[in-house]
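First to last, the sequence lines map onto chains A and W.
Per our numbering, residue 1 is the first one in the first sequence, and the count goes up by one each step.
Per our numbering, residue 1001 is the first one in the second sequence, and the count goes up by one each step.
Just so you know, these hints were derived from the structure itself, not from any lab.
Take the hints with a grain of salt, since some may be wrong.
What the hints assert, rightly or not - In silico contact screen, one side only, chain W against chain A (beta carbon under 10 Å); selected entries:
(1) Asp1225
(2) His1232
(3) Lys1251
(4) Lys1288
(5) Asp1290
(6) Leu1327
(7) Ala1371
(8) Gly1384
(9) Asn1386
(10) Leu1390
Quick reminder that beta carbons are idealized off the backbone N, C-alpha and C, glycines included.
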Amino acid sequence: MPLITLDKQDVLQLLGKTVSDDDLAYNISMMGTDLRQVKDTIEVEVFPDRPDMLSTEGFVMALEGYLGIRTGLPDFHAAGPSNANESEYSAYIDEKVATVRPYAVCAAIRDVHLSDGAVKSLMQVQEKLHITHGRNRKKVAIGVHDLDKIAFPVTYTTRPLNFAFVPLEWYTELTLKEILTKHKKGIEFAHLLETYAEYPLWIDKKGTVLSMPPIINSEDTKVEEDTENLFLDVTGYSRLALEQALNILVCSLARRGGTIHPVHVHEQEKELWYPHLTPQEMEVDLDYVNRWLGLSLSWDQVKGYLERMRYSLKGHIAMIPPYRADILHPVDIIEDIAKAYCLDKMEPVIPKVSTIGEEDPLEVFVRKVAYLMVGFGLLEVKNYYLTSREFFLKTRIGDDVVEVVNAITAEYNVLRSWLLPEMLYTLSSNKHHEYPQNIFEVGEVVKPSSKAQERTREEYHLAVVLCHPRASFTEAKEILKAFTKNVRNPFTLDVTEHPAFIEGRCGSIIMGEKVGVIGEVAPEVLLAWGLEVPAACFELDLGKVLSEVTAVT
Amino acid sequence: MLTVQDKKVLLALEDTGDIQGLIEKTQLPEVAIMRSALTLQDNNLAEIHEHTEAVVDLTEEGEYLSQELPERKILNLFKEPDTLDVEDISIDPSEVTIALGWLKRKGLIDILKKDTSLTLKITERGREYQKMKLPEEEALDKIRSGMGGDTLSPEILKTLKSRKAVTIREKTQRKIILTEKGAQKIREGLELTEQISQVTPEVLRERKWTTIGFRPYDITADVRDIPYGKRHFVNRAIEYVRKIWLEMGFKEMKGPLVSSAFWNFDALFQPQDHPARDMQDTFFVAGKADLPENSLVERVKAMHEHGGDISSTGWKYQWDKKEAQKLVLRTHTTVLSARTLAEIKKSDLPLKFFSVGKVFRNEKPDWNHLAEFYQTDGIVVGEGVNLRNLLGYLARFLQKMGIQNFRFRPAYFPYTEPSVEAEVYNSRTKEWVELIGSGVFRPEVVVPLLGEDIPVLAWGPGFGRIIMDYYRITYLRDLYRNDLRQIRDLELWMW
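Bound conformation, chain A alone:
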């Protein structure tokens, strides 16, 4: 979740009211953000479904509603001509962008005073939108420009790689190709463009470049300290995501006092106007609300709660603020009602739902076996499911294991298929403690299986390792014998060979079918683990044992 930092004074100034730190902390948590701290700055993690709260202004619009300072739908409207012929600002979307970065939307903002707080907020929301909503600029990229430096109409098109302009934070012209190899931002985001023959550009009537989305803006239309009029461009792959990002930006700037001016966008045959600030509507079903929340709210209460969440309610229709990108279904509105009601004040109640508890039979069996092992004086250890292939090689177990393709470290690159290797690791890290070290583990292991839906299957294993100066095959077999007596299922051993065990001291455990293996650990394996104490062990599949046991009874 993105963490944002807000200047508390800036927030309070926008709220127009003094609120104590404790009240801020409580209400910020309860309205639906994850508060980190309230000091001179307010640090919150904004939930990924609420990109509108990534800007100070968007955050304040939510908070002032929650605190009851300003409630209901905020008033956003586009000023200026609404008639296509009279538009001051127009943009053309060239069809050449279709295969590179197909969609673009834009808007103009006038008379915004970019105070310190406003600039910081604008930079923060742009950066955070890029990372989250924009999936690191792939899905959505934003450019902010000085409106007065642009000659309309502007065109979103592509240019060949030898085309050149002066990018931001550079003082000479670079070709588009050079930007990807020389400019810091170009290097960082080169992967988003480098496969294309031409790169996307915004160019104005005079041929001035505005930006090369999604990489960098141009120096020519750079926003300065005294800039009051802005042009916003948003490009990417999902029209919906672009419109949401644009609305979040224009609504934030409007909350700072800017006026929104529409841009006439000519997209081949389509004639579009941006931004779209008309509120989306969604019907509210009071019965559904009350059933979902377990409350009995009246329409008046629901109206009040919705207004505190910045909706307006017209009849039974909720008018959704245009910056909200997260309202898919009426349950999203129900959640906002619950937030306004305040989860902290909601009384928990356990329903009278009568059901019968039931445990998985294998889990029951495993637990009983584990206590049996405790009765044999064995200490239980508990290792990770993810382990290292190295552990298996060291133990001379060459079985096929399920591999993780993107493990960060070689420490965890396979799923264990045996318990024994990690148990030997356990012994090797306990050499400073007294002996005997007689241990057991019960746990799931994973094996490849081409027939299974998930191409893997799991077994629930029991492994016992006895380690002390006189540990022997006989001692391990005695425990195995006592175990099998307790599950009323006799066993036999078939002489077998396995490189992990001493030849002539290793057997397959047969209980109906082969369920496991027993043996004295080969000295080469012990020494590979740095152990100079003998160890005898057995490992078996409790799932198979259980099915044998239940078959018998």
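For chain A, the structure is supplied; the task is to place chain W on it using the hints.
The following block gives chain W in isolation, referenced to the frame of chain A:
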């Protein structure tokens, strides 16, 4: 709690503190005397004084030398004349050279050369020593008479050692001294009857205790630490968590650790470009999963693309089957809840399910982050269950986990709406700490799986932090350190 033996030794101490003396007096072996002495010392009735001293033993050579030194033999040959021809010396020739060496070194004779033979001349000093003992002779006499090494000068001991006449060893000498309290105890009088120590079959058969009684033990004395079997403390906690759900009537769900992305993400309405599906967060396994029956896949696809046939907008993108076939290590046990919803029949409602299982996150593991941990999921499915009921179950779970100070606040999960986080108050840091992610499943999740928009309450907390708090373990990784001493020494999970 003195034994009869202890008392005997105590009495003997009135006469002697010497071990040898005590052996003679008590007729007990030295080990028994020392054991009693320790007991007496523990009770402040006696003190054991130890000092080490050098003990000098004569070697075979030393025994021989102590009869008569070779230089004495030659010295005795000098009569009236001061000179003596070597050829006239009638002792063992092998000794002559040694003797001459010592005599010369000690300045007792001078050696004069005459033609080819040697002539010896006794000195003034030599004449004196004809009448008195040489230092070696004195020392050897002392050693033979059993006097300790402490009475001999280091120089002479060195000389004797170089002549291989003696060996020197260290010996700890113990002396046991009666304290004032011990003397007092004796004055008060001591009962010297025999008592039973170990209860043996013989004692029982012969009813010995009726005549001689039991020796009281020092029950405050420490005993050794024994090795013993025990379950791992994390499994104890897991067992307890399972018990909580079972007591509340929940049925267990099980399912595979390796999951298709379909069940792990798509069935839970997580859009395919959701950041959680990134390589950074999720472990992938090579291969392609089989998806469940086609109609279910189609319903999930429709829900993602346009909200299916319910009043949802969906995510408005093109859903890709290949993305859903990727294999992942399950990132949450909520995947089991989704599978369960696809299996149950509406006629069986209401139903409650729980699971406890491993989940995996592709984080770089360090002391406080693990690549895998346990999660316990629960779902309650039924007409009429609601958000307040969700809070009810969470509150009960928290209380049963011993947590009193908690609250509920909004949260976000792609598959629940409303979403709720249960937080616990950390009184040390004065902060609310996230503990349980939960919510009511979105209709976009429930309808494709169950076929109808029925409320499903769902939660999926990890509980490693609770175990850590309970056992005062600072680092998450220490839950799986597998230090045998730690597993053995940690107290039981109390609830």
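Taking the hints in turn, this is what the structure says about them:
Nearest Cβ of chain A to the Cβ of Asp1225 of chain W: about 8 Å, under the 10 Å cut. The hint holds. Among the interface hints, the one on His1232 of chain W holds; its C-beta lies about 4 Å from the nearest C-beta in chain A, closer than the 10 Å criterion. The beta carbon of Lys1251 of chain W is positioned within 10 Å of a beta carbon in chain A (closest approach about 4 Å), and the interface hint is therefore held. Contact between Lys1288 of chain W and chain A, as hinted, is supported at the beta carbon level, the nearest pair being about 8 Å apart and thus within 10 Å.
Here the hint on Asp1290 of chain W is kept, as its CB sits about 4 Å from the closest CB of chain A, short of 10 Å. Interface hint at Leu1327 of chain W: satisfied, since its Cβ lies 6 Å from the closest Cβ of chain A, which is below the 10 Å cut-off. Taking 10 Å as the C-beta contact cut-off toward chain A, the hint placing Ala1371 of chain W at the interface holds, the least distance being around 5 Å. Satisfaction of the interface hint for Gly1384 of chain W is found here, the shortest Cβ-Cβ separation to chain A being roughly 7 Å, below the 10 Å cut-off.
Checking Asn1386 of chain W against chain A by beta carbon gives a least distance of about 3 Å; that is within 10 Å, so the hint holds. Satisfaction of the interface hint for Leu1390 of chain W is found here, the shortest Cβ-Cβ separation to chain A being roughly 8 Å, below the 10 Å cut-off.
Of the numbered hints stated above, none is contradicted by the structure.
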